[in-house]
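**Q** This is what each chain is made of:
Number of protein chains: 2
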Amino acid sequence: MNVEFINPFLSSLLNVLSTMAQTELKPGKPKIKKDEVACGDVSGLIGMVGPQTKGSFSITFDESLALTIMERMLGERPDSINEEVTDMVGEITNMVTGGAKNLLGEKGYDFNMATPIVVSGKGHTITHKSEGAKILIPFTSDAGNANIEVSFDKI
Amino acid sequence: MNVEFINPFLSSLLNVLSTMAQTELKPGKPKIKKDEVACGDVSGLIGMVGPQTKGSFSITFDESLALTIMERMLGERPDSINEEVTDMVGEITNMVTGGAKNLLGEKGYDFNMATPIVVSGKGHTITHKSEGAKILIPFTSDAGNANIEVSFDKI
Numbered sequence: 001m002n003v004e005f006i007n008p009f010l011s012s013l014l015n016v017l018s019t020m021a022q023t024e025l026k027p028g029k030p031k032i033k034k035d036e037v038a039c040g041d042v043s044g045l046i047g048m049v050g051p052q053t054k055g056s057f058s059i060t061f062d063e064s065l066a067l068t069i070m071e072r073m074l075g076e077r078p079d080s081i082n083e084e085v086t087d088m089v090g091e092i093t094n095m096v097t098g099g100a101k102n103l104l105g106e107k108g109y110d111f112n113m114a115t116p117i118v119v120s121g122k123g124h125t126i127t128h129k130s131e132g133a134k135i136l137i138p139f140t141s142d143a144g145n146a147n148i149e150v151s152f153d154k155i
Numbered sequence: 001m002n003v004e005f006i007n008p009f010l011s012s013l014l015n016v017l018s019t020m021a022q023t024e025l026k027p028g029k030p031k032i033k034k035d036e037v038a039c040g041d042v043s044g045l046i047g048m049v050g051p052q053t054k055g056s057f058s059i060t061f062d063e064s065l066a067l068t069i070m071e072r073m074l075g076e077r078p079d080s081i082n083e084e085v086t087d088m089v090g091e092i093t094n095m096v097t098g099g100a101k102n103l104l105g106e107k108g109y110d111f112n113m114a115t116p117i118v119v120s121g122k123g124h125t126i127t128h129k130s131e132g133a134k135i136l137i138p139f140t141s142d143a144g145n146a147n148i149e150v151s152f153d154k155i
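Just so you know, the sequences run in chain order A and B.
Here the UniProt record's numbering is used: position 108 in the first sequence is 108, and no number is missing along the way.
Here the UniProt record's numbering is used: position 67 in the second sequence is 67, and no number is missing along the way.
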């Protein structure tokens, strides 16, 4: 999997969060994930299937960042990760993947998206089990950290 | 989503675990998931996309059951949920979904599967964010509990 393939997810995420929640994420250096484990408190995951390849995308937030995004979108800050927060994380997952899908379509890679799944639990870790490389991008922000992972078979 | 749709996942799971790990799971009553939250320690998740609908499947294990399955498959019990265990959970997720995909294909529902994702973390919860009903089936066994969830848009 090359960087051409991860960039659509990166730019879609920055766009979604600045538009929806006035939150600027600062991307770190993309890494090929090997032993590295990214922890977080709430994650959105989605599968993607296309004629050339299949794969998965995940976005993981620190609790503080997820709650701040809620606050900036709705004007009210939940005390903890509740159903509204997991709904929002599912929606962000859909929007980021939908944006990336459009950008990848322009490059000739077509995909259909499955439905998102949200995981909550303090300090959980995500492992993508595709046959291809797993690319991780860490992000920092004024309200906490996030990271995305993208992995596709055979690209 | 009707029971006709969940049964292929149920029978595929029972078959995979009894064949691969000589482990008999005892299914409880399927439930439409509303507020109900199923916790577990390691989960495999996968997206499915077809021409009629799309959705997601997850299977969540207690740590004790995941470690026992490893022990029965490989003859050695890991101390905790390591990469071998998450690989196995990813493989079980693929096998169960592949078996269900074949059974659903016989009923006229075709799907392509995305790649699996494995989540580990004590007591995490999974929420499927499709537009359809979420069906949960709990399982008990001699070595601990598991549960599966299946959710599809518009069936």
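Among the clues, some could well be false.
[Unchecked claim] Not the full set, but computed from the structure, chain B residues with beta-carbon under 10 Å of chain A:
hint	residue
1	M73
2	F111
3	P116
4	G121
5	E131
6	T140
Rather than coming from a laboratory, the hints here were simulated on the basis of the structure.
C-beta atoms are modelled at their ideal positions from N, C-alpha and C, and glycine is treated no differently.
**Q** Run every hint past the structure and note whether it holds.
**A** Outcome of the hint check:
Among the interface hints, the one on M73(B) is violated; its C-beta lies about 17 Å from the nearest C-beta in chain A, farther than the 10 Å criterion. Taking 10 Å as the C-beta contact cut-off toward chain A, the hint placing F111(B) at the interface holds, the least distance being around 9 Å. Taking 10 Å as the C-beta contact cut-off toward chain A, the hint placing P116(B) at the interface holds, the least distance being around 5 Å. Annotation: G121(B) was flagged as interfacial toward chain A, and the flag holds, the nearest CB pair being 3 Å apart, inside 10 Å.
Against a cut-off of 10 Å between C-beta atoms, the interface hint on E131(B) holds, since the closest Cβ of chain A lies about 8 Å away. Violation of the interface hint for T140(B) is found here, the shortest Cβ-Cβ separation to chain A being roughly 22 Å, above the 10 Å cut-off.
In the structure shown, a violation is registered for the earlier hints numbered 1, 6, in ascending order.
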